[in-house]
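Trainee: As a plain string of letters, each chain reads:
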Amino acid sequence: MSQQLSFLIHNLPHLLIGFPGQRPGGLLLSLLLAIVGVGLGFVIAVVVGSGFQSNLRLLRWLCRLYVEVFRGLPLILLLVLIYQVAGSGRFGLNLSPRVAAILSLALYSGAYQAEIVRAGLRAVPPRLIEAARLMGSMPWQVYRLVKLRYTLRVMLPAFTGQAISLFKDTSVLIIIGVAELMTVARSVLGSDVTNTPYWVGLYLTVGLLYFCIAFSASQLAQSWERRTRSRDLIHSLANY
Amino acid sequence: MSFNWLSIETIQLLLKGLALTVVLTVATSLLASGIGVPMGLLRLSERRALRWLATAHVDVNRNVPALVLVIFWAFALPNLFPAEMRRAIFFDNWLMAHLQVWSGLSIPYYTLAAALALSLNTSAYLAELFRAGVGTIAKEHLDAARSLGAPQHVLIMQILVPQGLRAAFPAISTRLIHNLKNTALAAFVSTPEFFHSAQTAITRSFRALEFLLLASIVYLTLSLLLASLLRRLERKLERRPSLARVGP
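Keeping their order, the protein sequence lines are chains Y and V.
First residue of the first sequence? That's 0 in numbering that gives the first Met the number 0, and the numbers climb one at a time after it.
First residue of the second sequence? That's 0 in numbering that gives the first Met the number 0, and the numbers climb one at a time after it.
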């Protein structure tokens, strides 16, 4: 038991921030990759999600294609596809595992977020848009100040849910050897047979680390949502 | 485009993998529904201990990545036991030998463990969705049933379950499609499902591009097929006014 504990305590810093003397890894890298992935994915999603409202049929069709393809593929397959095929130098691209990981996460998350943006844009009350047009706003202003803002506000829970989900999905990056939490856990155990008693403890710890972040993030998002909603109610009542 | 990279053995390998992916998807979807719906009901229970138990199940399995669950149940758990016991419990027993002969899997325990892990993961999501679906049932409906003297199990089986499922069905379908994609995670614990067999084919032939594109097409087709299947099921559920027997 004490051996178990000392093994865990010895390796906990590695799980959290990676191995000393190397670039940051472990849970820290998982978090960073998830944040960058969600951020880039959001940019993609705003473009693609708005493309669904275009008058050009081809553009709408392309957006549909993007969403269907990247939501229909397992993330592991996408990772291997981008890292081994697109980034192998065959097409003039030479991607490091980290870059391939960020690219895949962004494309994957972007497809899910694009669906959220699309649903949000469709849910904007027509009266709101008409009112803004009557006030003399340009279509671009209506889009930016009314539609997009409304979408972000209404769909915020969906976006945070997606972000948490992507954070958990970073565990899959082990397949291309990015030094995130799962990869560090695997290399801490190594192929040493004497390490077998530590497997359960280590993976319980890894699970606990993911759980802490994901669970507290979702609780935070929920309470924040509850608070802003009530404040908004007061705000809107005060404006009447 | 020539297809000489696709030998007969590779096709057999891929087809076996595809079959296992389909079996895994169906089995985990059913098991996840079988666990998820009762868990969703337990979360509405009046007993605090039951509610707490269901909440713990949902929170743990939702907030831990599916891959961690898969590796934990398949690779880590057997290591809890000393070597001889481990073999007797997990690998070298009557049940596993029969499964091995019957299914053609080299180590059936890993596949079973991966299926269990994926089912637990999906069941947690389904429990939450089902609970949300139950929340949309009109209170008057339940009151009416209660005032007619309907016992608890009738209330559950004829109102809560069918209506909760129907209300949550679109979200449940999305989750089941996600579950289909998650079966690829079983490849990490050497389950010879489709992604694993595609990888094996790549290491044999060094044709990454061809096999990965093929795998993408297969997964896209599977997702679309499952989506249309679930949509059909959804329409069937909607056409019926209620699964409960309503008198004239």
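Simulated from the structure, these hints should not be mistaken for lab results.
Idealized CB from N, CA, C, for every residue including glycine.
Honestly, I wouldn't trust all of these hints.
[Said to hold, decoys possible] Partner residues are not named here, just some residues of chain Y that face chain V (Cβ under 8 Å, in silico):
id, residue
1, Pro12
2, Gly20
3, Leu30
4, Ile34
5, Ser53
6, Leu55
7, Leu57
8, Trp60
9, Leu61
10, Ile75
11, Val199
Trainee: Out of the numbered hints, which ones does the structure contradict?
Mentor: 1, 2, 3, 4, 5, 6, 7, 8, 9
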